[in-house]
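Novice: Go by the hints and put chain H onto chain A.
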Amino acid sequence: MTTEAADPVEAVAVSPAADPGFLQRYGTTIEYILIPGAALVGALAVFGIFVALFGKNPLDLYFYMYQGAFGTWFSWQNTLTRAAPLILTALCTALPAQLGMVIIGGEGALLIGALSATSIALAIPWAPPLVVQIAMVCAGVVGGGLWITLAGALRQYRGVNETISSLLLVYIGLAILNHLVEGVMRDPSSLNKPSTREIGAANMIGSIPGTDVHWGLVFGVVAAFASYILIYHTVFGFAARVAGGNIRAAKIVGLGVGKLILMICFLAGGAAGLAGMIEVAAVQGRTNANLAAGYGFTGILVAFLARQNPLAIIPVAILLGGISASGGLLQRRLGLPDASVLVLQGIIFVFVLASDALYGRIAFLKGKS
Amino acid sequence: MDFAKISRRHLLRGSAALTLGSVLGVRSAAAADTTIGFIYVGSRDDYGYNQAHAQGAAALKKMRGLKVVEEEKVPETDAVEKTIESMINLDGASLLFPTSFGYYNPHVIKMANKFPKLRFEHCGGLWSDKDPKNAGSYFGYIDEAQYISGIVAGYSTKSGKLGFVAAKPIPQVLRNINAFTLGAKLANPKATTQVIFTGDWSMPVKEAEATNSLIDQGVDVLTCHVDGPKTMVENAARRGAMVCGYHVNQSPLAPKAYLTGAEWNWEALYPKFVKMIAAGEAIPNFYRGGLKEEIVKCSPYGEAVSAEARKHADDIKAKLIAGGYTIFKGPIMDNKGKTVITAGTDRGQKDPELEKMDYLVEGVTGATS
Numbered sequence: 001m002t003t004e005a006a007d008p009v010e011a012v013a014v015s016p017a018a019d020p021g022f023l024q025r026y027g028t029t030i031e032y033i034l035i036p037g038a039a040l041v042g043a044l045a046v047f048g049i050f051v052a053l054f055g056k057n058p059l060d061l062y063f064y065m066y067q068g069a070f071g072t073w074f075s076w077q078n079t080l081t082r083a084a085p086l087i088l089t090a091l092c093t094a095l096p097a098q099l100g101m102v103i104i105g106g107e108g109a110l111l112i113g114a115l116s117a118t119s120i121a122l123a124i125p126w127a128p129p130l131v132v133q134i135a136m137v138c139a140g141v142v143g144g145g146l147w148i149t150l151a152g153a154l155r156q157y158r159g160v161n162e163t164i165s166s167l168l169l170v171y172i173g174l175a176i177l178n179h180l181v182e183g184v185m186r187d188p189s190s191l192n193k194p195s196t197r198e199i200g201a202a203n204m205i206g207s208i209p210g211t212d213v214h215w216g217l218v219f220g221v222v223a224a225f226a227s228y229i230l231i232y233h234t235v236f237g238f239a240a241r242v243a244g245g246n247i248r249a250a251k252i253v254g255l256g257v258g259k260l261i262l263m264i265c266f267l268a269g270g271a272a273g274l275a276g277m278i279e280v281a282a283v284q285g286r287t288n289a290n291l292a293a294g295y296g297f298t299g300i301l302v303a304f305l306a307r308q309n310p311l312a313i314i315p316v317a318i319l320l321g322g323i324s325a326s327g328g329l330l331q332r333r334l335g336l337p338d339a340s341v342l343v344l345q346g347i348i349f350v351f352v353l354a355s356d357a358l359y360g361r362i363a364f365l366k367g368k369s
Numbered sequence: 001m002d003f004a005k006i007s008r009r010h011l012l013r014g015s016a017a018l019t020l021g022s023v024l025g026v027r028s029a030a031a032a033d034t035t036i037g038f039i040y041v042g043s044r045d046d047y048g049y050n051q052a053h054a055q056g057a058a059a060l061k062k063m064r065g066l067k068v069v070e071e072e073k074v075p076e077t078d079a080v081e082k083t084i085e086s087m088i089n090l091d092g093a094s095l096l097f098p099t100s101f102g103y104y105n106p107h108v109i110k111m112a113n114k115f116p117k118l119r120f121e122h123c124g125g126l127w128s129d130k131d132p133k134n135a136g137s138y139f140g141y142i143d144e145a146q147y148i149s150g151i152v153a154g155y156s157t158k159s160g161k162l163g164f165v166a167a168k169p170i171p172q173v174l175r176n177i178n179a180f181t182l183g184a185k186l187a188n189p190k191a192t193t194q195v196i197f198t199g200d201w202s203m204p205v206k207e208a209e210a211t212n213s214l215i216d217q218g219v220d221v222l223t224c225h226v227d228g229p230k231t232m233v234e235n236a237a238r239r240g241a242m243v244c245g246y247h248v249n250q251s252p253l254a255p256k257a258y259l260t261g262a263e264w265n266w267e268a269l270y271p272k273f274v275k276m277i278a279a280g281e282a283i284p285n286f287y288r289g290g291l292k293e294e295i296v297k298c299s300p301y302g303e304a305v306s307a308e309a310r311k312h313a314d315d316i317k318a319k320l321i322a323g324g325y326t327i328f329k330g331p332i333m334d335n336k337g338k339t340v341i342t343a344g345t346d347r348g349q350k351d352p353e354l355e356k357m358d359y360l361v362e363g364v365t366g367a368t369s
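Just so you know, the protein sequences line up as chains A and H, in that order. For the first sequence, full-length UniProt numbering gives the first residue as 1, with consecutive numbering after it. For the second sequence, full-length UniProt numbering gives the first residue as 1, with consecutive numbering after it.
Okay, chain A solo, but in the shape it has when bound (with noise of 0.2 Å):
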């Protein structure tokens, strides 16, 4: 799938090479896309190489790689739907990176964030479908934003490092989700697998019209370009950059840079959070142990992938969707185990953040050639 992806760049690279004023000025952009298409299409070939090891046919698979993730409407849709919690647990991680914090517990955020979500929806079952879905938005991403504020504010205020901190802070978040579904808020009815009262059809926010995939995709993707005006046309996101370039030269300036941690955590933990509501309106129904699925892990490898940008957040989640939605027809029609896509995953991972030792060494995009 990537490689006709990737084919078009290299050729708008190649074709205006003659007028360097172009690549000056683009020269940056391309490199964006180019190197971590490069390092995809030779992450798919070492991917390629290694099912060969266990005699399988390669242009087989890269051929059940496009099938099941973007050959059929039925495919796009899956790969859509996969994507769409993994764009707003990626900003988990992206956003705070501007700060030069690496926050990891974004799996934490969507899990309180479904917990408050839930909450709030069974304590107004009289309000109408509306007001119930408002306040569900709001509950996930407060309960979100606060719940990575408490990692934000441990850093801030007692030195506590922030990536230690929300890593346990997901522990700490289902272990109280299990002890209240469990315990307090589970329905006498769920017997075997306990679970939350369910917050009832009427509540749900259903798929976009005309699709299958449900409206946490739109969510998603207006947060990842409100985020990215944030963060690049706005005060806010040049302080906060400024912060996380240097975060003494931000203070001597006069920047506020606690009140720009805490805020920032604040968004990242309620994109999560917002997630988590989603997980609950659209699919669950409820607060179950269901939810902890991983999203929120597999959003650190988006947002890594992406560079912290919130724009490339976007097309990288409908990557991994996609990897992940012809996992199944990996397994189906090549027999691979499970793990396959985990060692594609990788092999990505590490062929992308190798590529970063590329960034600015391609004397050719300097225009300098």
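It should be emphasised that the hints constitute simulated quantities derived from the structure, not laboratory data. Quick caveat, the model's predicted, so the values are computed rather than measured. Keep in mind that the hints are not guaranteed to be accurate.
Derived lysine-lysine pairs resembling PhoX-like cross-links, with alpha carbons at most 20 Å apart [stated by the list, open to error]:
1) A/Lys193 <-> H/Lys319
2) A/Lys193 <-> H/Lys110
3) H/Lys185 <-> H/Lys319
4) A/Lys193 <-> H/Lys130
5) A/Lys193 <-> H/Lys356
Specialist: Leaving out everything else, chain H in the frame of chain A:
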């Protein structure tokens, strides 16, 4: 979604089939084309829950005219809906076995409503009249086999202390713990069962810790109810304790320490289902059974099982198969001294009260919350 199938391969295959059909004359295409989809929540070689289902799927692969497609490690989110649709749209599956408990509500129900002509057989769910008619839930009274394991364990223990590594204090698990303990008390009225809950279905590290901790406390025969008993079986055998297996036969993992075990007999049930469908019989939407109905079975005895234990266990097994033997026969006290089944009350296997079990019987050390 039919254009999903128009790939070059399909065309080739289709035309080949046409040619073959016209050469060989009329062949029942419908019978030869039944595709059955199996979906597992974990890995299909886990020596546990998923492997038991995969063994059932393997039995179907041996039957003529059936094609089996399998997908493992599918989480209990909308991913399972997409897997089901993918099996239907891309593989042409007409009978589906989504085998994990958490798939049922809302995912399987949703898919059964969406594809009313296809058949969905779900393991463990509680089908009710409100649910779609083309969905069914089947499960087995595996506590009967646990009861037999308990008898064997009661004869085999020297310390009189038995150990049970359990996932969650939900009715199904409590019922197994209680049946195992009641069985052990038949053999050795002083036997006690110490239970440790790990909190989730697949927690290998906690399962190993629980196993070690039980053995440190003097337990010399262990069993479990988690998704993959491999960790418990291997660790217990290494420490010199004996084990009773669960889900599938784990004796290859610990040939000397393995006494017997409570196994699913899906390799008998699944071919039966397929034959019923082929014969035009309706599979009851709510399908249950135990040793008698060949839905569960006991592992063959290991060499360490005494002749006395074999005789007693075989005797009870024969009674259970003949019918009329009750495991949960009053008076039964819980481990807090409260009478939970009064004298004279027989709670037979199909008694709905047993589906709500929330206590541990006298002789079990541990708490449900």
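Novice: So, for every hint listed, does it hold in this structure?
Specialist: Results of checking the hints against the structure:
no., hint, verdict
1, A/Lys193 <-> H/Lys319, "32 Å, violated"
2, A/Lys193 <-> H/Lys110, "18 Å, holds"
3, H/Lys185 <-> H/Lys319, "17 Å, holds"
4, A/Lys193 <-> H/Lys130, "19 Å, holds"
5, A/Lys193 <-> H/Lys356, "12 Å, holds"
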